[in-house]
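**Student:** The chain contents come next:
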Amino acid sequence: MTSYENSKLALQRVNINDSVSANQIVNTNDGFTLFDQYNFKDTMDVEATSTLNNKTAKYLIGAAKVVGDTNYLHDLDGDDPDRRFYIGYKKLQEYLEDVTKAMMIALLDGNAKRTTTLSSDTLQEKRQIFLNALKKEQYKDQNIKPWNNWRDTDSTVDISSVSKTANVVTVTTSAPHNLDVAFINELMVLDPDDWGVVVSINNTDFDINTTDYPNGVPIIVTGIDTFTYEKSGSDVATTSVTGTADIKIGWGGSSNNLHIHLESS
Amino acid sequence: MSFNWPVIPFAGTEVETFVTAYKELAESIYENFLDEAGFDENVTTGGPHLKAPFRNREIVRDLLENGLVFSSFIIQQRSGTPGPGTDFVLGSSPLDSIIDSSDWLNLLRKAGCIFDEGEIAESLRTNLEGDDPTPMDDEDWLDNLINEISNTDPDPDDISPDPTDPPPSNCSAGPKQTLAFALANAHPSAMTRVKASALWKYVNCDGTPLTQNDLGSNEVNTLKDKLQGFMDANNDLNLQLCTAMSGGGGYTVPTGGTANQCSFYNLAGESRGLRNFLGTAVVITDVNGNVTEVRDDMDFTYGKELDRTDGSLAGDPYDPNDVRDGWSWQTHGRDHVGNPVDPNSPTAIKVNGVVVTYPPMTWQEAYNHHKDERHFVIDSKKNDGGIPVPIAIQF
Chain Y
1 MTSYENSKLA
11 LQRVNINDSV
21 SANQIVNTND
31 GFTLFDQYNF
41 KDTMDVEATS
51 TLNNKTAKYL
61 IGAAKVVGDT
71 NYLHDLDGDD
81 PDRRFYIGYK
91 KLQEYLEDVT
101 KAMMIALLDG
111 NAKRTTTLSS
121 DTLQEKRQIF
131 LNALKKEQYK
141 DQNIKPWNNW
151 RDTDSTVDIS
161 SVSKTANVVT
171 VTTSAPHNLD
181 VAFINELMVL
191 DPDDWGVVVS
201 INNTDFDINT
211 TDYPNGVPII
221 VTGIDTFTYE
231 KSGSDVATTS
241 VTGTADIKIG
251 WGGSSNNLHI
261 HLESS
Chain E
1 MSFNWPVIPF
11 AGTEVETFVT
21 AYKELAESIY
31 ENFLDEAGFD
41 ENVTTGGPHL
51 KAPFRNREIV
61 RDLLENGLVF
71 SSFIIQQRSG
81 TPGPGTDFVL
91 GSSPLDSIID
101 SSDWLNLLRK
111 AGCIFDEGEI
121 AESLRTNLEG
131 DDPTPMDDED
141 WLDNLINEIS
151 NTDPDPDDIS
161 PDPTDPPPSN
171 CSAGPKQTLA
181 FALANAHPSA
191 MTRVKASALW
201 KYVNCDGTPL
211 TQNDLGSNEV
221 NTLKDKLQGF
231 MDANNDLNLQ
241 LCTAMSGGGG
251 YTVPTGGTAN
261 QCSFYNLAGE
271 SRGLRNFLGT
281 AVVITDVNGN
291 VTEVRDDMDF
301 TYGKELDRTD
311 GSLAGDPYDP
321 NDVRDGWSWQ
331 THGRDHVGNP
341 VDPNSPTAIK
351 VNGVVVTYPP
361 MTWQEAYNHH
371 KDERHFVIDS
381 KKNDGGIPVP
391 IAIQF
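Heads up: the protein sequence lines correspond to chains Y and E, in order. Using my numbering, the letters of the first sequence map in sequence onto residues 1 to 265. Using my numbering, the letters of the second sequence map in sequence onto residues 1 to 395.
No lab work stands behind these hints, which were simulated from the structure alone. These numbers were taken from a predicted model, which means no experiment stands behind them. None of the hints are false.
With a cut-off of at most 27 angstroms between alpha-carbon atoms, the simulated DSS-like pairs for lysine-lysine come out as follows: (1) Y:Lys41 to Y:Lys135; (2) Y:Lys113 to Y:Lys231; (3) E:Lys23 to Y:Lys135; (4) Y:Lys113 to Y:Lys41; (5) E:Lys23 to Y:Lys113; (6) Y:Lys41 to Y:Lys140; (7) Y:Lys136 to Y:Lys113; (8) Y:Lys41 to Y:Lys231; (9) Y:Lys140 to E:Lys23; (10) Y:Lys140 to Y:Lys113; (11) E:Lys23 to Y:Lys41; (12) Y:Lys136 to E:Lys23; (13) Y:Lys113 to Y:Lys135.
With these hints in hand, go ahead and build the complete structure from the sequences.
**Tutor:** If you want it as structure tokens, here you go:
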């Protein structure tokens, strides 16, 4: 076992969703069964997290022995990943997600979306892509994956009207948006769920901030000229607007939900 | 073999091809990580190229290992092939077959089956406190050494001593170790050669100080550059990684200079290869902040430790009577990261005000807890060999 033994308690190959709730637990005669679904926290983009507070750093690189620091036991909190006290699973799951995405992008052909075909790149090229996905901004190579194609716009459609109800925006396009609803998961016949959007209509109630969402936010296609996405804020009645929606492609929503259960006795 | 891959419960041409390619790439990433991760030497604007969570090769390995299942599942979904993980039918969950269920159940028990994050954190704090933790060694540099000196990393999950490679006799390196050190001494990294020189003295029971005379000029200059870079970064960026020792701490300090007690357990030390070599050390600087000397004692909790009782300073020659077994081999306490420590140390973990003590480690436990090149130290200890090495390098 390595020094990072307890990190594996948080990783464990797949992860129990951190929002697991009581209704996912079924008591049985022998104990209980826990049901959960796992998916990427960010189903659209590939930007790796850089969050690393001092306590996380202490855990990750063994930097606990800070000169003069003898009071570290007194200020532990729920986010403290000190493995003696807390497994820091949220952070680790974010890191796992980042590495998983980087591997898929490095391994798969093209932009790595919707394909199972492996890239013909050399191992060295794949390693470069993997590391490129995890680099700080100033060291990213914008000419190779993922930064040269992941956030490409698939298509652009004109918007004719928008409305918002209960934090869900409904967009009506000026013409059919032509978003395919049958390309994925042939056996399960699920609706495609990897579409996303960047809306630009000069209205903060609806626009998508590309700083926070560089590859857009997930959408649900609800008709040949309509789709919805989530954005918090007050309700807004249907309003005619002029603007565009850049259609993006992400990783996939419910089609990638990994169903798991764990029986305990 | 560096990875302990989970069994993938998905079948089909696409996913099986993907899994093979994934493992090949992951192994390649791990093997080349130290050379390709990237580091910009510019003190003020540079640093590691990778974002902070991904700079440690062992952590990246763990993440790669654990990312295989879900990425395979996505491929399975894209291929449209049926398989486990797509419903809640009992028996079709992939989880049971791919986790170490004992660990997971253990964790759930510790969680108290209270699925509230705050309660989980509280419960874990309480329940993990009595665990027998895996020590996080402050001499992790041995881990890195074996990775840097050879392309034949031992299987880290093979915790048993290699029967074909018996421990060396007292105070001598065995054939495997000798080969490893020979490779280390020919390694292009000057820092690796410095580390190897110190460890060579340790396993051969040469307790005389490692000085600049034991190293080549390239090694000395490189070490100085690394230390100077660290000190400059510490001062320029106000990192507060060093504490000036009152009165020079008894060391001979240039006029107007300072003896600095420094910790390299940080990114500034890690990125310069100092963490794994020195851990903590005294760095002496002149009035202009130029590094003139470094002082340290290289000893091991899982080997021999040096407890100076005669008032001598780190890096000085020492009284052999002050050498004792590391705390791993005695009834010991453990600090918050699991390092064996003196039970009377203020860093020893206490429960309800009482220090939690642990019995001396068995050899198997030691081999289990300390990987790779550290086995050299344990092997030496097994034969009552290996002695601390003072480090006193002047520039």
